[in-house]
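2 protein chains.
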Amino acid sequence: MNTNKIPHVVIIGAGFAGLETARGLAKYPVRITLIDKNNHHLFQPLLYQVAIAGLLPSQIAQPVRTIFRKQKNLAFQMGEVISVDFAEKFVKLKGSVIAYDYLVISAGARTNFFGFDALERHGLQIKDIETAVQTRNHLLSMFEQASHEADEAKRKAMLTFVIVGGGPTGVETAGALSELINHVMRKDFPRLNLSDAQVILLEAGPSLINAYPEELRESTFGLLKKKKVDIRLNTKMADFNGQRVTLEDGTFIETRTLIWTAGAKAAEIIDSLGVEQAGMGRVRVAPSLQLAQFPDAFVIGDAAFVVNGNGQPLPMLSTVAIQQGKAAAKNIRRMVEGKQPLPFHYKDPGLLATVGRNAAVARIFGISFSGFIAWVIWVFLHIYRIIGFRNRIIVMFNWAWDYFFYDNQVRLITKE
Amino acid sequence: MNTNKIPHVVIIGAGFAGLETARGLAKYPVRITLIDKNNHHLFQPLLYQVAIAGLLPSQIAQPVRTIFRKQKNLAFQMGEVISVDFAEKFVKLKGSVIAYDYLVISAGARTNFFGFDALERHGLQIKDIETAVQTRNHLLSMFEQASHEADEAKRKAMLTFVIVGGGPTGVETAGALSELINHVMRKDFPRLNLSDAQVILLEAGPSLINAYPEELRESTFGLLKKKKVDIRLNTKMADFNGQRVTLEDGTFIETRTLIWTAGAKAAEIIDSLGVEQAGMGRVRVAPSLQLAQFPDAFVIGDAAFVVNGNGQPLPMLSTVAIQQGKAAAKNIRRMVEGKQPLPFHYKDPGLLATVGRNAAVARIFGISFSGFIAWVIWVFLHIYRIIGFRNRIIVMFNWAWDYFFYDNQVRLITKE
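Just so you know, the sequences run in chain order X and V. The first sequence: position 345 = 374 (our numbering), numbered continuously. The second sequence: position 74 = 103 (our numbering), numbered continuously.
Keep in mind the hints are simulated off the structure, nothing from the lab. Heads up, a few of these hints could be off.
A pair holds if it fits inside one copy or across any two, identical chains being indistinguishable in the list.
Once the Cα atoms are required to be at most 20 Å apart in a straight line, the calculated SDA-like pairs of lysine to any residue come out as [said to hold, decoys possible]:
1. LYS185 with SER397
2. LYS254 with ARG52
3. LYS368 with ARG139
4. LYS101 with ARG215
5. LYS185 with GLN272
6. LYS156 with ILE442
7. LYS66 with GLN163
8. LYS99 with GLY124
9. LYS99 with SER176
10. LYS265 with LEU371
11. LYS216 with ARG98
12. LYS255 with LEU346
13. LYS101 with ALA182
14. LYS34 with GLY338
15. LYS34 with ALA55
16. LYS254 with PRO344
17. LYS56 with PRO219
18. LYS123 with ARG184
All values derive from a computational prediction rather than experimental measurement.
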């Protein structure tokens, strides 16, 4: 390494983890190149709101260039990384090659369909803006089509919505979709008999949000049931062909809509790195978040397999990604100064999941909340964390409007 | 016609003309079916703002169902009309047939590429949300690519933007694009030399906005020049292949971007109606806006060829469409009551075109304004006419923010 030159840190992925790393090196004498295949940072926890027509993509996505306008040591490059040469220390994109002194891989995760080809073809996912908008367009089209469908069986199938996966995303989506139907679609489709409409949530295991403490799991179940979601635990899906879901016990659900939230795995680029992968395709890293054999390279966020004190891998959560981003930045600073990097320790700040209007569950400082108070905390926490003051005002305005007028603001069907 | 039944009015197209017709029959004893291939009404005058990343699609488009929630005699159907049988009085869509007593065709217009295949393939247009968003994505991508393009000639070509057509749309787009580059892109791309960037406006005739009075044409030229737009009058385009524009005099402009605003013609459905078409494919109608041979059918808005007192066809303007919508509704009411329909007379409410921040031209009550005052009128008129109180607040907030902070709010590149 040329010691006259300031170190070049390359960060792949502008999600929570990548952003925190970049910020953590803001006033530090390094040069940063932040790469992402999109030009925006996505506030993923609210992506399901785009899918059920509650928020606009622009309210949860912000151009990376705008976020880092004031950070002089950072350059953004929009592009897709094809491969990494850890020995020669460069990153290859289509049409360019970028050499690094330190590399941070924060490429995130993608949906895991577990090899179910039919599912990937016919099912919907909520993984990025494109898929969230596709889901929204599909949901709204179902109502449009049902509104002039004379055949009762077909109409019911169009108004049946199946969500697979009882984790936080599945629960939030089911609750919000149920509210969309009962509060908003009811007004837009006055001649449509919405008692035909049904939201069904399938969970293979014995309980919803099974990573959460028991009292929160029970509250969630109750809150979701009150929103008229048909919750089927211990129910595994066998197949979906676009017209009908087949369950493992051989029974059917006639539906045109299946939203798959039941699996995630590391982003595609991770598979081509040639490094050791663990569960869900995530990269096994040292406690310091470095690659064992290439200490100048870090892997953080959803793409990293990091075990906590109990030997369990940390979950794919935004709070984990943010803390790891800060830790990677700190370790890079230490390495630049010739010090040893430190192991990462995750501090659990609590859990939070919403089930819909006035209904959420939270566990903070060891105390469990559910219902309205938890929901208020959820609302303000999300608004606070949305990047950009302007976006915060707009989201607050929109949510206040939706709340008081029982409305959802975006019900456009856009062409793909 | 069954005199026991209330008359069924079918309206094809939920643009300005169709909407005004529907509204004009709101409390009248008719049944209305409003059809549109999209689920939303589009405020077209501001579509160019979506194309230059100044507004979001959702701020200028509103679901038709939401607009008509309170109108009990109206049902909306999302679908595309394939053909009309004027003799048997029914409208054919994919998968359904709708019989009518009165028909209003307000299907609008589309871009006319004048048979230039290469242009249609490589050029951009601003005709609906899909094409406006494509244009926006393309423009933003040009900056992203230029920001890491080492070859100077290629970079200049990426930063050269050609707009063809010196009418209001071309003028507004050129002015707004120039501001995007000089005020906003400058901040997002600090390392990019934007003195390389150029907006070129090509007009085949001897002046811009040639349908406007002379003093407004001159003001517009001056205001646009101040925004550093390279205006080339008496300049005709011969070809565009995606890399270079060839002008009729044989010279070239190296560019990757051509936005075509130089021609419009009636929507595709009009060609399949089997009725007499005049200039721009528009349907020749009687002074009452009825089809001469089928008096139960009206054609209004951009799709209609209506001559004014001077024997000139009325231009494709929203003010014309709105007045014709009201007139069609009035004539239908008269026919239901057994009276004669009345001829339509257009009342010119004035002209208005914007060139960008602080700069517009207007002619109201016979007086010409230009500059800041005209621009203020333009801003408030557009905000007032945007449908939906919530949207008005949001657009006002966004524009106020943009104005004071010299920013544009949506610079997302979305996948197609």
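We went through each hint and held it up to the structure:
no.: 1; hint: LYS185 with SER397; result: neither (38 Å within a copy, 59 Å between copies)
no.: 2; hint: LYS254 with ARG52; result: neither (42 Å within a copy, 41 Å between copies)
no.: 3; hint: LYS368 with ARG139; result: neither (35 Å within a copy, 65 Å between copies)
no.: 4; hint: LYS101 with ARG215; result: between (51 Å within a copy, 14 Å between copies)
no.: 5; hint: LYS185 with GLN272; result: within (12 Å within a copy, 51 Å between copies)
no.: 6; hint: LYS156 with ILE442; result: both (19 Å within a copy, 16 Å between copies)
no.: 7; hint: LYS66 with GLN163; result: both (19 Å within a copy, 18 Å between copies)
no.: 8; hint: LYS99 with GLY124; result: neither (28 Å within a copy, 55 Å between copies)
no.: 9; hint: LYS99 with SER176; result: between (50 Å within a copy, 17 Å between copies)
no.: 10; hint: LYS265 with LEU371; result: neither (42 Å within a copy, 66 Å between copies)
no.: 11; hint: LYS216 with ARG98; result: between (43 Å within a copy, 7 Å between copies)
no.: 12; hint: LYS255 with LEU346; result: neither (27 Å within a copy, 51 Å between copies)
no.: 13; hint: LYS101 with ALA182; result: neither (61 Å within a copy, 27 Å between copies)
no.: 14; hint: LYS34 with GLY338; result: neither (39 Å within a copy, 76 Å between copies)
no.: 15; hint: LYS34 with ALA55; result: within (17 Å within a copy, 73 Å between copies)
no.: 16; hint: LYS254 with PRO344; result: neither (26 Å within a copy, 57 Å between copies)
no.: 17; hint: LYS56 with PRO219; result: between (57 Å within a copy, 18 Å between copies)
no.: 18; hint: LYS123 with ARG184; result: between (47 Å within a copy, 17 Å between copies)
Going down the numbered hints, you'll see the structure goes against 1, 2, 3, 8, 10, 12, 13, 14, 16, while the others check out.
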